[in-house]
Amino acid sequence: MVAFSGCTGKRPAPAETPATGLPAPEIVKTPGDSDRTNDSRLAASHNITVQGYQLLQKKDYDGAIRVLERAVGVNPGNGPGYFYLAQAWLEKENFQLAARFNEMAIMYLRNHPTWSQRARAQKEKIQKRKNNASGT
Amino acid sequence: MLRKLLKWILGLGLVMLLVLALGFGYCLYLSGHIEERFSGRRWEIPSTIYSDTTLLFPGKQVSRFALEKKLKKLGYQSKPERPEKKGEYHPGDTGLEIYFKDLHLPDKDRQGFSAVLEINQGQIREIRRTGSDEPLPLVELGPEVLMQFFGKERELRRVVSIEKIPGHIADAVVATEDNRFYSHFGVDPVSILRAMYTNLRHFSIRQGGSTLTQQLAKNYFLTPERTFRRKFHELFITLTIEAKYSKDEILEIYLNEIYLGQKGSAAIHGVGEAAYFYFGKKVENLTLAESALIAGIIKSPNLLSPYTHPEECKDRRDQVLRAMHEQKFITEPKLAMALEDSVKTAGFEKYNRRAPYFMDYVSQQLDRLYPEDILSSMGFSIYTTLDTEVQAAAENALENGLARLEKSIPALRRDDPEKKLQGAVVVMHPRTGNILAMVGGRSYANSQFNRITRARRQPGSCFKPIAVAALLDKFKPSDPLSNKKATYQINGKPWTPKNFGEISEETLSVRDMLRRSCNRAAVDMVVRGGPDTVVEQIEKFNFSTPMRPYPAIALGAFEVIPLELARAYCAFAADGVQPFPLSVRDVVDEDGNVLVQRYMNIHSVISPAKAFLITSMLESVVTDGTAGALAKQGITFPLAGKTGTTNKFRDTWFIGYTPNFLALVWVGFDNGDPVKTTGSGAALPIFADLVKSIPGHIAHKPFTIPPDVVKEKVCRQSGELPVFLKCPETYEEYFLKNKQPQKKCPVHGKDSVFKKAVDGFTNIFK
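Protein chains in written order, with numbering that gives the first Met the number 0: chain W, 0 to 135; chain R, 0 to 765.
The reader is advised that the hints may include incorrect statements.
[Said to hold, decoys possible] Lysine-lysine pairs mimicking DSS-like chemistry, simulated, CA-CA at most 27 Å apart:
{"hint": "1", "chain 1": "W", "residue 1": "Lys129", "chain 2": "R", "residue 2": "Lys539"}
{"hint": "2", "chain 1": "R", "residue 1": "Lys243", "chain 2": "R", "residue 2": "Lys262"}
{"hint": "3", "chain 1": "R", "residue 1": "Lys710", "chain 2": "W", "residue 2": "Lys28"}
FYI, nobody ran anything at the bench for these hints, they're computed from the structure.
A quick note: this is a predicted structure, and the numbers were derived from the prediction, not measured.
The whole structure should be built from the sequences, with the hints applied where relevant.
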């Protein structure tokens, strides 16, 4: 039987590294959607993403993750949501999960030049931090 | 004589001294016990399991009836006028005005506020804050209580400190139960004499002389037996408590300890719990009249309950109010105002275990974290992913679906409850892995076996998409597969796969093989692709049951655990990413400290492009394949799905999904008796009922096409690029970018004799 545990962990104290320079959230259309900026789920998900972003700014990474999970639950095509999730996991130094969420961010932000660039830069940052942590 | 008297006095003195010394020693001995109880944890508080919260936002589809039902379950009260207090709502012509309660969650602390929800044609049109008219993009309703981990006492209690208990509740209790509480030393001789006089006058026990401290000693330390020994014990405990603790401390313990009513099989203890039980609010928000009511029912909680004996309850409350006035706790105008108040209760549902199979699943996980006695005593709050609306819809759909099936096929009926036709449903959010609903069987009372998490059943054709996903590097969706009758040698024995229904075509594309669930073509694909490759690729899907490299793997011959099958399908719905199924999210202690948090955890199984191809093919199953019946049932939003039926109709399945919703339905007999119909006939209608009853949970959005997918026109027969004017039938198909058709249709593109001659002549001069 698979260990249906999800990712378990006790809440640690906020990390020292600040999550500065994070771009503010904005509604980014899901690739392939013609005109969905008025979509109710998109708006609701965006609103939750804003809350997640604010927690991320306050370095409450656990709180941010919980809120952002909800945001991508409401709109699974929420690119910025995945971007911030990757950021939160990066701050918690879980590089594997950070990389997985970054992949989702890259996929869902691919049609937005600025966000797409941010997601690719985030990928490099994750790799760099991972390398630093492993001493390679 | 004098010497004799002196001797007597001395002897008596010595005896008295001895008694005093013994009494003192006994008090000292008790003091240790009392201190141990009082300084440590005083009460066993059951841990509570909660559902997920509910999000409301403009555009969300909601049934007004379901929303009101939800509000009532959360203890909201309907009002004919605008709501004035937290926990009230007013159903208006165009929607609901709700005064939201405070929300205290591990990651959220929200104060209650009032807002208007405009609902039109089953959709929330707008949410506006009352007063300011500020539009709100999102509001959240609190979680519902699903279960409590009771110890053997089955007591419900919310411990509150004396600082939080309003003065008037303490005054009411003192006025009515022990008006000399602040002046006696634990035992009140005046009160005892008064009680004796009253009882003698009426020749019956009309009044008791017990002080609050004596009642506490009785309830907290002793059994209810009426013996001299117990009375003696009680006296010493009372004196010791009074000597060691302040009056406020004693009152605090008393107000948290006292029995105040019954909620089904669970006992309500303490004013904190009683405030919620009777009035749906925190103790600090109780009014004077409400406090007097609670103080009044201490005398006989069940005979004076506002739920069962409202008139007697009001009389008693008024008695308490008058006693408070007589003893100068309240003024005349306050008394008059409080007496004017009618008795308004919050209403309650009897404690009832909900979503029992899910609760078992959650309990198993909690058991790994905490022993049972901790869960029944430490008052943890356990937040889960369960959505009560989806759970109720899944339970109803299964119950109705199985009953319908038995009605249409009488041979499926069984008298023995343990042998009845069974079914199971699990609903997941494919992206996050959240388990939204779990129904592990038809009746928990008859069978606690959870068929979602513990059964091992053959998945039948539901396994075909997984086999296709494993071979997408070798086969394109348009590639032709053979539907010719073929016999394979398996371990030296011949095996001839058969189709369920008549499929006359000699070849079918991979898409059509899935759409029509063609067994022969599926086996042809696995045999040509290599059963070893299939097994190797399937490992990524995290099945815990063994798979062997036999051609029959294409037909779902190897048993799987239904939850693992649902999880495998999540990868198709979520861009190739498989989530861990989540049920427990947070465990929080009484002080709000988060002890455990579980997060969404994802794992890449196949590429987003491959996941999309599978989804696209499974959309065909729904639009014009074996699940075509869904459209007839009004399900027209983008949906992918697959039916499944095993040999001799032992198992019937349907798995359907959108980008944010996935449900698996299984129907069968535990002993393997035939269901006598297919997945389309047995499981699909249950799925249809389920999704139709929860429109707000399904985003009617198309699946997102990933970057590495291209669309090409191909010849239907060959699956390759069509030859202009030659291929009689073409269609558009999705392909992986690196595996799109390169060659022209070999079936219709054969060169004519004239073209061959021209080409040959041209080549001479090259």
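Please write out, lowest number first, the hints stated earlier that are contradicted by the structure. Hint check: 2 fails alone, others pass.
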